[in-house]
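J.: Residue strings, one per chain:
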Amino acid sequence: MAVVAASASTTALLNSSTLISQGAEAKVYRSSLHTGSVPILLKHRFAKQYRHPTLDSTLTRSRVVGEARALLRCLRCGVSVPGVRFVDQASGILGIEWIEGRTIRFLLGSGDEGDGAHDGDSEEDDHDVDSLADYEVSKDELMNMVGTEIAKMHLADIIHGDLTTSNMMLSHPSSLNHSLRIQKLVLIDFGLAYTSILVEDKAVDLYVLERAFASTHPASEPLFASVLDAYKRKMGKDWTAIGRRLEDGK
Amino acid sequence: MESFAYPHFSSTVHVALFNNVTNAARLRARIGDAEREAVNFAFVDARLVTSVLHIQTAVTQALLAASQNTLRTKTVHSEVLWALNPSNNITEALRRYGVSDDSTALLVIRIDPLDFLVVQDRMGSVVEGTLAPILELAGLTDWAAVKKYNKLNEDPVINEAQNDPSREHHLIDNIVVSIVAMKSVAA
Numbered sequence: 001m002a003v004v005a006a007s008a009s010t011t012a013l014l015n016s017s018t019l020i021s022q023g024a025e026a027k028v029y030r031s032s033l034h035t036g037s038v039p040i041l042l043k044h045r046f047a048k049q050y051r052h053p054t055l056d057s058t059l060t061r062s063r064v065v066g067e068a069r070a071l072l073r074c075l076r077c078g079v080s081v082p083g084v085r086f087v088d089q090a091s092g093i094l095g096i097e098w099i100e101g102r103t104i105r106f107l108l109g110s111g112d113e114g115d116g117a118h119d120g121d122s123e124e125d126d127h128d129v130d131s132l133a134d135y136e137v138s139k140d141e142l143m144n145m146v147g148t149e150i151a152k153m154h155l156a157d158i159i160h161g162d163l164t165t166s167n168m169m170l171s172h173p174s175s176l177n178h179s180l181r182i183q184k185l186v187l188i189d190f191g192l193a194y195t196s197i198l199v200e201d202k203a204v205d206l207y208v209l210e211r212a213f214a215s216t217h218p219a220s221e222p223l224f225a226s227v228l229d230a231y232k233r234k235m236g237k238d239w240t241a242i243g244r245r246l247e248d249g250k
Numbered sequence: 001m002e003s004f005a006y007p008h009f010s011s012t013v014h015v016a017l018f019n020n021v022t023n024a025a026r027l028r029a030r031i032g033d034a035e036r037e038a039v040n041f042a043f044v045d046a047r048l049v050t051s052v053l054h055i056q057t058a059v060t061q062a063l064l065a066a067s068q069n070t071l072r073t074k075t076v077h078s079e080v081l082w083a084l085n086p087s088n089n090i091t092e093a094l095r096r097y098g099v100s101d102d103s104t105a106l107l108v109i110r111i112d113p114l115d116f117l118v119v120q121d122r123m124g125s126v127v128e129g130t131l132a133p134i135l136e137l138a139g140l141t142d143w144a145a146v147k148k149y150n151k152l153n154e155d156p157v158i159n160e161a162q163n164d165p166s167r168e169h170h171l172i173d174n175i176v177v178s179i180v181a182m183k184s185v186a187a
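Protein chains in written order, with UniProt numbering: chain A, 1 to 250; chain B, 1 to 187.
I should point out that these hints are in silico values taken from the structure, not numbers from a laboratory.
Treat the hints loosely; a few may be bogus.
[What the hints assert, rightly or not] Here are some chain B residues pointing at chain A (derived, C-beta under 10 Å):
| hint | residue |
| --- | --- |
| 1 | ALA5 |
| 2 | ASN174 |
| 3 | VAL185 |
Being a predicted model, the structure only gives us computed values, none of them experimental.
Glycine is no exception: its CB is placed at the ideal position from the N, C-alpha and C atoms.
Just chain A, with the same shape it has in the complex (with noise of 0.2 Å):
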């Protein structure tokens, strides 16, 4: 079984292209794959030196075709996620629509940005103010907007597997056609997703979330209560045992 290594025309690529963010699982870079093209994300599952090579190689391989195959199924649900743009399985690499905007996590002001836990949760760090007021939202507007958008996707029966404030983006209004109505809210970072029917799988979820909110934003129990009134609504009667299993959990 092949070893994952880079092509050369891998490497050249990941050479011509801004590395923004490095993970414990993939480094994410800023490219473009032709000239004069839009930018896209790559995201690259390098080699792990402390992983046996055969696993290491099938893991990836299965990460990578488990991400774009969940983009994919959210797209055609639309939930609103990045469109899939690139795929060298052999490389370990993804490439995604570039979304211009920042991180919930960021916008809900937690302090600081920093590499946390997760992989590609960081960001440029660069130095202009983004605040909620540069993307016309309020801060309940913008919870709602999550848990409309989560509850979307279990409708599908899509299971995130990572649910924090850091995989999920708000696009800068500057980049969106407003005339097509595209959502605003995006969610990323699918390299644990997968597809369940079960109660469960849905109130892990939002648990993992609730979990995530109160470790990451100061006073985050009436932000969650927004989320998770949304996240209801959209429900409809499915909330019921989805909801009494999360009270179980507790």
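Based on these hints, arrange chain B on the given structure of chain A.
T.: Okay, now just chain B, sitting in the frame of chain A:
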């Protein structure tokens, strides 16, 4: 005609849009003939292409396959057609996305570092039609056929957007571009 450089593949790609094409049947017959230099292009039926990004994404995946020696078809040009078709059936890909007898709008692609003018000249000498700016592609797309071939008619997002054509087209484009990009790992 437009040219795009792919430095990491050491390649240049020339793409031209021809409208009002009158010799599609003859072009198709000549391709079948042999790999003759005069028709050494990818001829793509422009009705099935949703955007420049759509065709560029297919070209990129074809270049990637060529660079890794994993082409599924004979040439990098036929690989572009294969990349555009969601199924793994090569004959179907060529029949649907390639030039057919009733094609009137064609995207003609040459993956080669040849000089711009040389390529444009050669394209012009084989295709009888009007060279058009590539962005005119937007007006030529047959959205019903795109939806059918990509099996989008059952997708919730498309049904939700059906009363707003520009939004629907935007969503379809994003989905078909994604389908092409991830074809090598499709379920």
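J.: All the hints need checking, so say for each whether the structure fits it.
T.: Results of checking the hints against the structure:
1. ALA5: Hint holds; ALA5(B) Cβ to chain A Cβ min 4 Å, cut 10 Å.
2. ASN174: With a minimum Cβ separation of about 4 Å from chain A (threshold 10 Å), the hint on ASN174(B) holds.
3. VAL185: holds (4 Å)
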